[in-house]
Amino acid sequence: MVKVKVNDIEVDADPKDNCILAARKAGVEIPHYCWHECLSVVASCRMCLVEVGETKPDGTVAMGPKLVPGCQTPIKEGTVIRTDSSKVKTSQQMTLELLLLNHPLDCSICDQAGECYLQDYTYKYGKAQSRLDEPKLHREDKYHIGEQIALFTDRCVMCTRCVRFTREVSGTAELQVVARGSHEEIDVFPDTPCNNKLAGNVVDLCPVGALCSKDFLYKKRVWWLKHAQSVCTGCSTGCSIHVDQNENKVYRLRPRENPQAQGHFMCDEGRFGFKYIHDDRRLKYPRLKTATGHASSAADSTPAGDLSFADPWPTILGEARKRIQTAIQNDPSGFVAVLSPFMSVEEAYLLASFIKGIDPRTKLTLGPVPVVGSDDLYPKGPKGEPPLPSKVKFTIRAEKCPNRLGVEAVLRHFERSVIHAESLGKSSASAWYVVGGYSTGWVNEKLDQAVGTPSLLIVQDIFPSPLSERADMVLAAGSFAEREGTYVNHAGLAQAAHASIRPPEEARADGRILMELAGRPGLFNAMALRKEIASTIPELSAICVGDLGDHGVRLAKNTNQPLAAKS
Amino acid sequence: MSESQTNPPVKKKTVKWGEAPKLSVLDALYLPAIASGLATAVRHAVSGKPTTRQYPEVEPEIPPNYRGVHRLNRDEAGRVKCVACYMCQTACPANCIEIIAAPAPKDDPHWKDRDKFPATFTIDELRCIYCGMCEEACPVDAIELTSVYDLTGMTREEMVFDKEKLLSVFDQTVKSGRDPVRTNRGKLGPASEVSPTAKDAPPPPGRGKRG
Chain F
1 MVKVKVNDIE
11 VDADPKDNCI
21 LAARKAGVEI
31 PHYCWHECLS
41 VVASCRMCLV
51 EVGETKPDGT
61 VAMGPKLVPG
71 CQTPIKEGTV
81 IRTDSSKVKT
91 SQQMTLELLL
101 LNHPLDCSIC
111 DQAGECYLQD
121 YTYKYGKAQS
131 RLDEPKLHRE
141 DKYHIGEQIA
151 LFTDRCVMCT
161 RCVRFTREVS
171 GTAELQVVAR
181 GSHEEIDVFP
191 DTPCNNKLAG
201 NVVDLCPVGA
211 LCSKDFLYKK
221 RVWWLKHAQS
231 VCTGCSTGCS
241 IHVDQNENKV
251 YRLRPRENPQ
261 AQGHFMCDEG
271 RFGFKYIHDD
281 RRLKYPRLKT
291 ATGHASSAAD
301 STPAGDLSFA
311 DPWPTILGEA
321 RKRIQTAIQN
331 DPSGFVAVLS
341 PFMSVEEAYL
351 LASFIKGIDP
361 RTKLTLGPVP
371 VVGSDDLYPK
381 GPKGEPPLPS
391 KVKFTIRAEK
401 CPNRLGVEAV
411 LRHFERSVIH
421 AESLGKSSAS
431 AWYVVGGYST
441 GWVNEKLDQA
451 VGTPSLLIVQ
461 DIFPSPLSER
471 ADMVLAAGSF
481 AEREGTYVNH
491 AGLAQAAHAS
501 IRPPEEARAD
511 GRILMELAGR
521 PGLFNAMALR
531 KEIASTIPEL
541 SAICVGDLGD
551 HGVRLAKNTN
561 QPLAAKS
Chain L
1 MSESQTNPPV
11 KKKTVKWGEA
21 PKLSVLDALY
31 LPAIASGLAT
41 AVRHAVSGKP
51 TTRQYPEVEP
61 EIPPNYRGVH
71 RLNRDEAGRV
81 KCVACYMCQT
91 ACPANCIEII
101 AAPAPKDDPH
111 WKDRDKFPAT
121 FTIDELRCIY
131 CGMCEEACPV
141 DAIELTSVYD
151 LTGMTREEMV
161 FDKEKLLSVF
171 DQTVKSGRDP
181 VRTNRGKLGP
191 ASEVSPTAKD
201 APPPPGRGKR
211 G
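For the record, the sequence lines run as chains F and L.
For the first sequence, our numbering begins at 1 and goes up steadily by one.
For the second sequence, our numbering begins at 1 and goes up steadily by one.
Treat the hints as calculated values from the structure; they're not laboratory data.
Note that the Cβ used here is the ideal one computed from N, Cα and C, for glycine as well.
Possibly wrong hints are sitting among the right ones.
Here are the simulated distance ranges between beta carbons [unchecked claim]:
{"hint": "1", "chain 1": "F", "residue 1": "Y276", "chain 2": "L", "residue 2": "R156", "range": "32 to 38 angstroms"}
{"hint": "2", "chain 1": "F", "residue 1": "D120", "chain 2": "L", "residue 2": "L126", "range": "36 to 42 angstroms"}
{"hint": "3", "chain 1": "F", "residue 1": "D84", "chain 2": "L", "residue 2": "G132", "range": "37 to 43 angstroms"}
{"hint": "4", "chain 1": "L", "residue 1": "G132", "chain 2": "F", "residue 2": "D120", "range": "25 to 31 angstroms"}
{"hint": "5", "chain 1": "F", "residue 1": "P464", "chain 2": "L", "residue 2": "R156", "range": "37 to 43 angstroms"}
{"hint": "6", "chain 1": "F", "residue 1": "D84", "chain 2": "L", "residue 2": "P60", "range": "58 to 64 angstroms"}
{"hint": "7", "chain 1": "F", "residue 1": "D133", "chain 2": "L", "residue 2": "Y66", "range": "36 to 42 angstroms"}
{"hint": "8", "chain 1": "F", "residue 1": "A62", "chain 2": "L", "residue 2": "G132", "range": "56 to 62 angstroms"}
All chains should be modelled from the sequences, with the hints used to inform the complete structure.
So, in structure tokens, the structure goes:
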């Protein structure tokens with residue numbers, strides 16, 4: 001740690017920090033466009049020019065004669081940084097005036113308006129008027145940059161963050177700067193659009209509205225979006241994300257910086273893969289098959305004209321609890337519960353403790369774990385080859401579920417081993433409780449045959465499947481944006497995901513269903529449950545803090561405590 | 001309760017309490033007031049001047065800053081001037097405006113120079129409180145309030161004006177010369193055009209007069 005003085009505020013900074021990071025620690029913002037923590041330094045935008053000096057051994061301060069870019073200037077013991085002198089302020093004003101020379105100022109139709117650094121910095125550091133008398137340069141918009149990316153060329157400030165991203169993080173190097181001087185533009189080679197699996201990140205990286213996501217283009221003004229901190233459920237990397245929603249509709253996912261999980265970015269598969277949560281085919285009502293074989297649901301039982309607003313859940317959950325208890329009493333070892341790797345730790349715990357609480361001879365199993373291909377490592381080499389293990393900056397994992405490790409920890413505690421539901425033989429049990437929650441069709445032939453036609457089949461899922469078709473009871477559950485809980489990623493990092501929207505129609509988040517099914521008093525409270533889980537399951541004792549914070553909590557790798565020890 | 005909470009933060013001596021003037025004996029009888037009221041009524045009755053407005057045969061003069069029914073202005077090419085920036089919807093205190101934006105049809109030469117336009121634009125005229133904030137907020141002077149005050153309808157649905165209806169209000173009020181377009185700030189707001197006073201703008205601090 002070295003002592004640095006920023007505008008007369010003394011702070012301890014890391015010797016590896018540059019002036020921007022050191023100033024940030026002092027609570028001073030140095031405006032910047034081209035610099036980004038994850039990318040190389042080019043010092044081209046000139047926005048972060050500051051006065052830097054050093055403290056001489058005799059205590060006097062010698063300031064440098066010129067302004068220096070804060071992003072490129074390292075610090076050492078006794079470095080003095082000034083960001084509030086008139087010299088710095090004048091330079092910031094002139095830099096912004098230059099950047100805005102050919103900027104069209106079409107904020108009213110720009111998607112970035114509201115989260116745009118040109119707007120923010122102009123407001124804070126810029127000046128109100130331009131002295132340009134000539135007509136502004138007008139450049140054509142480029143919709144060919146990528147499948148998901150549009151470039152509004154005249155809004156660009158040439159920070160080249162996007163170019164460096166494709167060269168350094170994705171390694172695919174599609175984007176480049178063409179022409180020189182005031183004719184500089186971002187572009188791609190003909191027929192090689194920027195369609196790599198991390199391409200969506202250039203939209204987040206762009207500090208202005210030049211690169212826009214075609215998916216989100218003109219859908220919503222950003223000041224109406226409400227953000228919830230969550231975790232991407234696309235793969236076991238478990239990227240930290242923001243879920244941006246308005247009026248119960250999710251408009252986009254954005255990566256949330258988390259050095260413990262994935263860093264700054266997320267893949268396009270996760271970014272654009274959330275749309276299934278608004279699919280019309282979702283299960284929206286709980287359904288109960290009566291003895292006569294007639295399926296009744298909340299929707300069916302309310303014929304037009306006779307409006308009944310009765311909540312269907314208490315009856316259905318009461319019936320479910322009764323039937324589960326009867327089935328377990330009749331044949332305890334013939335009762336199988338399938339826990340999905342899309343469940344949060346809390347939900348898995350609620351279900352497991354409920355079933356095992358009735359009779360410990362019941363069987364808990366793990367549902368299918370979707371695996372597609374192999375892990376995709378970035379940055380790619382020139383021929384698309386994966387990088388050396390020490391150079392990996394981003395990984396899209398093959399395991400396409402968020403919480404296998406968390407559910408396995410719960411299973412190991414209650415069942416002493418992890419049994420895969422598919423490995424059970426044909427029609428091996430008399431009663432099943434199956435939990436889904438997958439984003440795609442997940443019931444494979446093996447599982448379908450293993451379930452067969454049992455005497456009791458309860459399915460808790462978000463989409464209809466062969467199992468839900470013949471189920472005695474279907475409990476319409478919630479997607480990742482609707483439920484709250486903890487996910488344990490591939491490296492044993494437990495992260496909290498928060499609910500952002502309500503489930504459609506009469507569907508309910510899984511936590512709420514299981515709380516009522518288990519007959520527990522009160523509402524589903526992830527924080528209180530985490531404390532309970534931590535005290536019950538030694539493997540998960542790290543989540544005892546309840547509030548896992550923004551970055552999550554890492555689980556201890558090898559707990560030496562006995563597996564079934566209860567406190 | 002502490003001292004500061006019981007006493008208002010005003011010194012007692014600085015407060016001057018007003019009192020109603022005392023009525024004299026004559027005023028307390030109210031007879032002079034009744035007489036003067038009667039006199040006014042009689043004066044109007046015998047003057048022979050009509051004071052009733054013959055509405056709807058004779059329409060009243062509406063001041064030009066009257067805030068009546070909205071309209072959506074058209075640009076020179078006859079397209080809707082609105083660029084769907086949602087500023088009016090954001091500013092509206094009654095939440096009566098609803099816009100759905102869409103990318104402009106770039107293939108159509110008619111729309112070539114536009115990026116974004118409102119696919120739908122509805123105003124619930126019954127929910128509106130006619131405060132004029134939408135007009136204030138609009139950066140391109142696309143939404144204006146007209147002097148049309150006599151708005152009627154048989155159902156609630158027909159009082160929800162869509163884009164076509166709002167454009168037709170523009171056609172009617174402008175063609176008839178009733179409400180000429182009030183302002184012209186520029187294509188994308190005042191900031192988008194070259195300022196005529198750019199030369200006169202002050203130089204940045206720390207520089208000479210020549211910039």
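### Query
Between D84(F) and G132(L), is the Cβ distance one that fits in 37 to 43 angstroms?
41 angstroms, holds
### Query
Do D133(F) and Y66(L) keep their Cβ atoms within the hinted range of 36 to 42 angstroms?
40 angstroms, holds
### Consistency of beta-carbon spacing, D120(F) to G132(L), with hint 25 to 31 angstroms
29 angstroms, holds
### Query
Is the distance from the Cβ of P464(F) to the Cβ of R156(L) consistent with 37 to 43 angstroms?
38 angstroms, holds
### Message
Against the range 56 to 62 angstroms, how does the distance between the Cβ atoms of A62(F) and G132(L) compare: consistent or not?
### Response
Check passed, 59 angstroms falls within 56 to 62 angstroms.
### Query
Measuring from beta carbon to beta carbon, are Y276(F) and R156(L) in 32 to 38 angstroms?
36 angstroms, holds
### Range agreement (Cβ of P60(L) with Cβ of D84(F), hint 58 to 64 angstroms)
60 angstroms, holds
### Query
Per the hint of 36 to 42 angstroms, is the separation of the Cβ atoms of D120(F) and L126(L) within bounds?
39 angstroms, holds
Hint compliance for this structure: every hint is met.
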